[in-house]
Every structure is written in C-alpha cells, then in structure tokens.
Amino acid sequence: MTTQVTLSIEGSLARICFAADNGIPLLTRNVRTQLGGILDELEQRSEISVVVLESKGRVFIAGADIKELLALTPENAADNSREGQAMMSRIERLRATTLIAVHAACAGGGCELALACDMRMAAESAVIGLPETRIGIVPGWGGTVRATRILGSATARRMILTGELLPAARALQLGLVDEVVPDDAFRAAVETRIATLLARGPFARAQAKTLIRQFEGPDSAAQFEAEALAFAECYRTGEPQAGMQAFLEKRDAEWS
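Per the working numbering: the sequence shown = residues 1 to 256.
Read the hints as simulated data drawn from the structure, not as lab findings.
Even for Gly, the Cβ is constructed at its ideal location relative to N, Cα and C.
Each hint should be verified, as a subset may be incorrect.
What the hints assert, rightly or not - Calculated cross-link-like contacts (lysine-lysine; reagent style DSBU-like; alpha-carbon spacing at most 35 angstroms): (1) K250 to K56; (2) K56 to K209; (3) K250 to K67; (4) K67 to K56.
Said to hold, decoys possible - Restraint ranges, calculated between C-beta atoms of paired labels, are given here: (5) R187 to E254: 38 to 46 angstroms; (6) A199 to K67: 39 to 47 angstroms; (7) A19 to A222: 48 to 56 angstroms; (8) D184 to D252: 30 to 38 angstroms; (9) Q245 to A199: 23 to 31 angstroms.
Could you build all of it, start to finish, from the sequences and the hints given here?
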C-alpha cells in the first residue's frame with residue numbers, strides 16, 4: 001500500500017500529514033524522500049514558526065517498511081541508519097517549534113520521529129514505543145540516542161530491550177509524551193496547543209529551542225555513528241532475517 005506525506009501552510013503554521021491507502025502509514029524510502037523535499041522547503045521559509053506532524057488512519061505511523069529492512073545487508077545497513085538519522089536530525093534542528101500529534105499506534109521509526117520533535121501529544125488510546133528488538137535489530141534512526149537523552153538510561157533500556165509499546169498514560173508518566181487527551185477531545189486539544197504556540201514570540205521560541213539543545217549536552221555525532229554501526233552489525237547475525245520473516249508470517253521468531 002502507498003503512503004503519502006503532504007505539506008500545507010497556513011500563515012506561519014505548517015502541517016505535515018502522513019496518510020496511507022490502508023490506514024497504516026509507513027516511513028518507506030519513498031516517503032522519506034518526500035519528507036526530505038518538505039524539509040527543504042521548510043528550512044527556506046523563515047516565516048514558518050510552528051510545524052505540526054499528524055497522520056490520518058487507524059495507525060499513526062507503523063515504522064519503516066519491513067520488506068525494505070529485510071532487503072538490507074551488513075554492507076548497506078549502516079548507510080540506511082545514517083540516512084534516517086540525518087532526516088530526524090533535520091527535524092530536530094528546524095528553527096520552528098515542532099509538535100507531533102499522535103492519535104493512534106506509533107511504533108519504531110514513528111516513535112523516532114516523535115522523539116525528534118519538540119513536543120509530543122497523544123490521544124488516550126494511542127500506544128508508542130520502539131519495538132525493533134522484536135525483529136532482531138536496534139532502533140537505527142536516532143532512537144537509542146534520543147530515548148536515552150529524553151527518558152534517561154533506565155527507561156530507555158527497558159523500552160528498547162523489551163520492545164514494549166507503551167499506553168499513552170504510561171508514556172506520559174515517563175516523559176515520552178507531554179500531554180494525553182481523551183480521544184474525542186484530541187483534535188481540539190491539538191488546535192489549542194497550536195494556538196498557544198502561535199501566540200508566543202517566534203524569535204524567542206527559536207532562541208529558547210537553540211539554548212535548550214545546547215544545554216542538553218555535547219554534539220551527538222559519535223553516538224549516532226555508534227548506533228549506525230550497531231544497527232549494521234545486527235545484520236551479520238541473521239537475527240533481522242529471522243525476526244522480520246516471522247513478523248511477515250505473523251508468528252513468533254525463532255532465534256538461533
């Protein structure tokens with residue numbers, strides 16, 4: 001099924017929306033290319049001060065395309081990781097304030113996308129997490145780095161090692177999202193948050209965002225590279241092939 005990502009601009013507000021024919025958006029290579037083009041435009045438009053990432057369908061984002069991941073080899077897996085990391089870092093570095101509105105399940109690459117945003121709102125019925133170890137890999141698009149930075153090592157360790165998808169209420173307790181809203185009030189709450197942000201000084205918000213990133217610690221380039229190499233190393237074991245094939249066949253993986 002095809003996933004599309006679109007950009008709409010209303011004054012200083014930009015909306016990025018993911019949608020799929022079957023209601024399950026995926027971050028396929030084509031979608032990442034589309035998103036790269038959208039980021040090209042946003043990086044050039046200084047009037048944009050708030051960017052909202054949202055989705056249509058019964059799932060927010062289900063992650064990467066398993067068939068694309070299954071086709072990776074130890075030789076090109078690190079490049080896939082670096083490409084995804086670069087995309088997430090571009091989102092993180094946008095001058096505008098970024099808000100992701102998670103209305104349903106958000107897994108893997110979708111969670112990594114959320115971690116790259118400034119603010120994360122979730123509907124009450126949503127679940128979110130990094131389930132990559134279920135299919136024999138590690139989060140490879142910055143997820144290990146940002147989860148540890150945002151949540152702390154103990155929480156990141158449990159979430160990544162178990163591959164659990166966390167209910168929205170638990171995600172709120174851990175700081176993975178910053179607000180949870182009943183499903184029937186979610187869209188209205190997102191619009192209220194957007195209005196609040198737009199009412200604040202855009203230059204001041206951009207400056208604050210820059211300062212906070214500096215205060216979080218030194219540049220993460222070495223950490224991201226370690227993640228990319230670890231992601232590629234998984235493919236030398238045969239675990240990704242076993243885990244992803246089991247996923248496609250809707251059965252439990254048999255680890256050697």
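* Check each numbered hint from earlier against the structure, then list the numbers of those it violates in ascending order. => 7 and 9
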